[in-house]
Amino acid sequence: MAKFEKANSVNEWLDQRLAVETLKRVLSTEYWIPKDINFLWAMGMVLAATFGVLLISGIFLLMYYKPDANLAFDSVNYVIMSEVGYGWLWRHIHGVGASVVFLIIYIHMFTGIYYGSYKKGRELIWLSGMLLFVAFSAEAFSGYMLPWGQMSYWAGMVITNLFSGGSLEAYGLVEWIRGDYVPGDAFLTRFFMLHVLLIPLVIIGLIVLHFGSLRIPHVNNQEGAEIDFEEAAELYKAGKKKESKVIPFNPVFLSKDVFVMGVYFILFFYLVFYHFNFAMDPVNFDPADGLMTPAHIYPEWYFLWSYEILRPFPKDPGLIAFGIAQAALFFLPFIDRSPNVAPAHKRGLFFVWFWVLIVDMIVLTVLGKLPPEGIFNTLGTVAAVIFLLLGPALIVITKFEKKL
Amino acid sequence: MGKDVQGRRDFMGMALGGFTALGGLGALYAMKRSWDPLPSVKAAGFTTIDLSAAQENVLNIEKWRGKPIFVLKKTKDMKPDDRDIVIGSDRFHVSIGLCTHLGCIPAYLPDKRKFLCACHGGEFDTSGHQIFGPPPSPLEIPPFKIEGTKLVLGEAGPEFQKMLDAGLTV
Ligand code: HEM
Ligand code: FES
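Chains A and B, in that order, give the protein sequences.
With the numbering used here applied, the first sequence corresponds to residues 3 to 406, in that order.
With the numbering used here applied, the second sequence corresponds to residues 242 to 411, in that order.
One chain only, chain A, in its complex shape:
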């Protein structure tokens, strides 16, 4: 065994056995963050905190929830909502959190796109981020099944039917996923497993990967400037904090993160206590009924844009368009051909492209909620085609972009 000196403090004792001092230095007190960033760079930690809140509220919901097609609806809508002390609080926190986390994810993603934070050296940050987006989508969908209301059932029906692959008619695969001809008990219990165990484990692993992939390239900054982190760190450690371009993550940057989180959580709990209804679809307060489709089936707001890409086309082209839309953002680091790491407003046409993308996604989101009739159909087709064309357009635009 290695030789151990007598430790003079708990910290020293731990350091001898776990190298906590080294860990602390590498992961926090000497993990350097550029000064030239704004509040949008706090969104990552806001996401991490929201995930924590979802986890805690979920643990309390789990104590009374019953994963059984006959019992699930009442265990949520009666037992948790009106019998369990403060059960409603956990449910509203969980529902609002699941909705708001997507808003923050979208802001976080578009911040990355605006500042070119997915480019050379930062590809893995982007890819792990997209995997997190997929995992969160699966987590939200599986969670939406659990109250076993009308929207749970019919969303489950429609989404699992996507796996028949249109004309491929892979109904065997669909029935395999459901464990039944239609969503039933087997379906509910397996999605329960996914929601409370498997996907959360995957998410935690992905968050570790996402953070790990940030450590070496460091976060980007408002100008996309390449910083000599070692030199800047030496300046900071030599006491020249003003001259240095960086600050340590802990405690300096973290305190700013915590401030933004504070503002965020005031808004968050305002929604939880006074405006939770937007996260609770009224249709889902009717128990699941396989013999009655609700008048309109639409997903939660954060899936509307991709749903609207599916809708205006015939079945097979619709599925293909949908598939492309889901996968397209993954490839961003590779279809952006420009070497410039700079904010969009310094990148000419890319700036236009960025805002067309945002506006188009908002238009798709709004249309996704409207009934598929008349003028909305036409608008939906146009917006979906624009979305699909934005990919090739980006290749061309960035190919001819002036090098800064």
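Hints were generated in silico from the structure; no laboratory data involved.
Computed from a predicted model, the values in this text were never measured in an experiment.
Glycine included, every Cβ here is placed at the ideal spot set by N, Cα and C.
This list has only true hints and no planted wrong ones.
Restricting the straight-line Cα-Cα distance to at most 25 Å, the calculated cross-link-like pairs of lysine to any residue (SDA-like) are:
(1) B:Lys304 to A:Ala172
(2) B:Lys273 to A:Leu175
(3) B:Lys308 to A:Leu321
(4) B:Lys355 to A:Thr380
(5) A:Lys68 to B:Pro280
(6) B:Lys283 to A:Glu177
(7) B:Lys314 to B:Ala348
(8) B:Lys317 to B:Leu357
(9) A:Lys68 to B:Pro278
(10) B:Lys391 to B:Pro321
(11) B:Lys304 to A:Glu171
(12) A:Lys26 to A:Val260
(13) B:Lys283 to A:Leu293
(14) A:Lys371 to B:Ala348
(15) B:Lys308 to A:Asp318
(16) B:Lys283 to A:Val176
(17) A:Lys247 to A:Phe41
(18) A:Lys68 to B:Ser275
(19) A:Lys26 to A:Leu216
(20) B:Lys273 to A:Gly167
(21) B:Lys308 to A:Gly181
(22) B:Lys386 to A:Leu293
(23) B:Lys353 to A:Pro373
Here are a few chain A residues that face chain B, going by a calculated C-beta distance under 8 Å:
(24) Met159
(25) Asn163
(26) Glu177
(27) Trp178
(28) Asp182
(29) Leu293
(30) Pro316
(31) Pro374
Restraint-style ranges between C-beta atoms, simulated for each label pair:
(32) B:Pro280 to A:Gly393: 41 to 49 Å
(33) A:Gly393 to B:Arg274: 34 to 42 Å
(34) A:Phe287 to B:Ser275: 27 to 35 Å
(35) A:Ile268 to B:His370: 52 to 60 Å
(36) B:Ser281 to A:Phe280: 39 to 47 Å
(37) A:Glu375 to B:Gly267: 48 to 56 Å
(38) B:Leu266 to A:Leu29: 34 to 42 Å
(39) A:Phe213 to B:Gly265: 25 to 33 Å
(40) A:Pro394 to B:Leu266: 38 to 46 Å
Given the coordinates of chain A, work out where chain B with the ligands should sit on it, guided by the hints.
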């Protein structure tokens, strides 16, 4: 390190790798099977429906294997179709009431004499043929067998077999 030692390590590595791969494949198969529908679900058998009480142009919805089944007695002026089930002088449209687009239940509009799917606006006529919107194929006909004025769903009788062979349903 001697050469033969290296050779022995390689062998043990490959043997271990081989058995691990074998075990992994076995585990994958077991996992796949655990997700399969249970035998009790698959056996959830046959449903008999009586057509004698049906009224013209009124849609009845029955249940078979958890799915809604449309039963529509056609009026005399509705266009006959090879997909109709004929009993005596009556023609019936019987189909699985799930939209062939993504599986919502279309609603029947008796005045307009068509089915309308609210999910993405698909429409079907009274023979189940798609006439508008994203649905790529007609409403499916469940396997059936005619017994007098009764219909046994889940069993393929000669009339169903004929439709299947003619490619009128899947
Ligand atoms: C809940 C899931 C997520 C968590 C907890 C998370 C967390 C973080 C944190 C703490 C940071 C560093 C601080 C910051 O720049 O904001 C970060 C950076 C980043 N994340 Fe995420 N993230 C998540 C999802 C995503 C998604 C969906 C994407 C997009 C595909 C993404 C892409 C990025 C990028 C490109 C950066 C680098 C930003 C820069 O260098 O300026 N992340 N993330
Ligand atoms: S499910 Fe009927 S039109 Fe899409």
